[in-house]
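S.K.: Using the hints provided, position chain B relative to the given structure of chain A.
So the chains spell out like this:
There are 2 protein chains.
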Amino acid sequence: MSRRVLVASRNAKKLNELRRILAEAGVEGLEIVGLDEVPPYEEAPETGATFAENALAKARDGAAATGLACVADDSGLSVDALNGMPGVLSARWSGGHGADAANNELLLAQLTDVPDERRGARFVSACALVADGREVVMIGEWPGRVAREPAGDGGFGYDPLFVPDGGAVSAAQLTPAEKDAASHRGRALRALLPALEELAVG
Amino acid sequence: MSRRVLVASRNAKKLNELRRILAEAGVEGLEIVGLDEVPPYEEAPETGATFAENALAKARDGAAATGLACVADDSGLSVDALNGMPGVLSARWSGGHGADAANNELLLAQLTDVPDERRGARFVSACALVADGREVVMIGEWPGRVAREPAGDGGFGYDPLFVPDGGAVSAAQLTPAEKDAASHRGRALRALLPALEELAVG
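So the sequence lines, in the order shown, correspond to chains A and B.
Residue numbers for the first sequence follow the numbering used here, so the first one is 1 and each next one is one higher.
Residue numbers for the second sequence follow the numbering used here, so the first one is 1 and each next one is one higher.
Heads up, none of these hints are tricks.
Distance ranges between label pairs, derived from CB positions:
{"#": "1", "chain 1": "B", "residue 1": "R3", "chain 2": "A", "residue 2": "G120", "range": "40 to 50 Å"}
{"#": "2", "chain 1": "B", "residue 1": "G154", "chain 2": "A", "residue 2": "A102", "range": "29 to 39 Å"}
{"#": "3", "chain 1": "A", "residue 1": "V169", "chain 2": "B", "residue 2": "E43", "range": "30 to 40 Å"}
{"#": "4", "chain 1": "A", "residue 1": "G166", "chain 2": "B", "residue 2": "R118", "range": "31 to 41 Å"}
{"#": "5", "chain 1": "A", "residue 1": "E24", "chain 2": "B", "residue 2": "G166", "range": "53 to 63 Å"}
{"#": "6", "chain 1": "B", "residue 1": "E31", "chain 2": "A", "residue 2": "P143", "range": "46 to 56 Å"}
{"#": "7", "chain 1": "B", "residue 1": "G166", "chain 2": "A", "residue 2": "A12", "range": "45 to 55 Å"}
{"#": "8", "chain 1": "B", "residue 1": "G120", "chain 2": "A", "residue 2": "A12", "range": "30 to 40 Å"}
{"#": "9", "chain 1": "A", "residue 1": "A101", "chain 2": "B", "residue 2": "A168", "range": "38 to 48 Å"}
{"#": "10", "chain 1": "A", "residue 1": "A99", "chain 2": "B", "residue 2": "V201", "range": "49 to 59 Å"}
No wet-lab data here; the hints were simulated from the structure.
Cβ atoms here follow ideal geometry from the backbone N, Cα and C, with glycine treated the same way.
In isolation and in its complexed conformation, chain A is listed as follows:
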């Protein structure tokens, strides 16, 4: 019988990303469920100053409310010319929450006069697992730069504007498998695999 693991998200792409990473690693015996598949509980606002703080708070809330093992992430884009912002405010950069198109448009407009040599950026992800009284947080980073116009329609968030180092295409132009292999969240989730494997066999 498989063990249910709550991913504290309603984003189907995030759930599937974790499912793919578990499958590739050959981890069996875990059933990944999202927030829409558990009874609703009050989710605290993300007020932390760091990705790790927010990820851990979300995973604690989910585990406490459901009794399930809970994985939560907080991720964002850290832009050099913005001193590392949008950072923990990535999702609400344009004011509302999760307005990808508006966030991308605002970021581009803010960087209009920023020359190419100062457009460095990195995606950062903190992934936390809270289960059976244990807490783990892993950080993954994906270095690159902010393009001058969006490209591609895969991915989500700032993917259309983010060109990873070593390539010429945006994160939104990568296949899901290419993105998993390189991305910040992929790196952080793979770093969580040992802890997830323990759950599967535990």
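M.R.: Coordinates of chain B only, in the frame set by chain A:
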């Protein structure tokens, strides 16, 4: 006969601020003129990474184009929870340039979930003077915090949201004289007074 000094700005409030500070310091013999009172010249975009860099570039451009002594400032709001941004991007934070209301609204929305103890901020101003082959840049700071709603209709920029340390009212609720005495630009301009006095008697 008075010597003309170009302030590289079209903002009448900035011109008057310098005029008041010169008058209070008893500096006579300087006629402050703005960009609307000199033949138009091409103004380079502000692409510097620091206030000082931008102020100096603007003052150099103005002096080179007009042959006048030129004062230029670059100022902005540095918010702790935004790692010091909007910073040099203060004027175009919401995408367009100089849209005060939109900038204030965006800043408030970005900080919605940021608790009171992390709402520290400071106004920073770099004021440069380029004249007779000499270059001077002075920095002034004004510490405070970002309020939860705008107040007052004086000032400009982020003044309605900025509550200076030691008081309970916003910068937009201060009289011009109160603001001159405390503000970042007031401090930077007063630090330039010795250099301006030399011009007046030179």
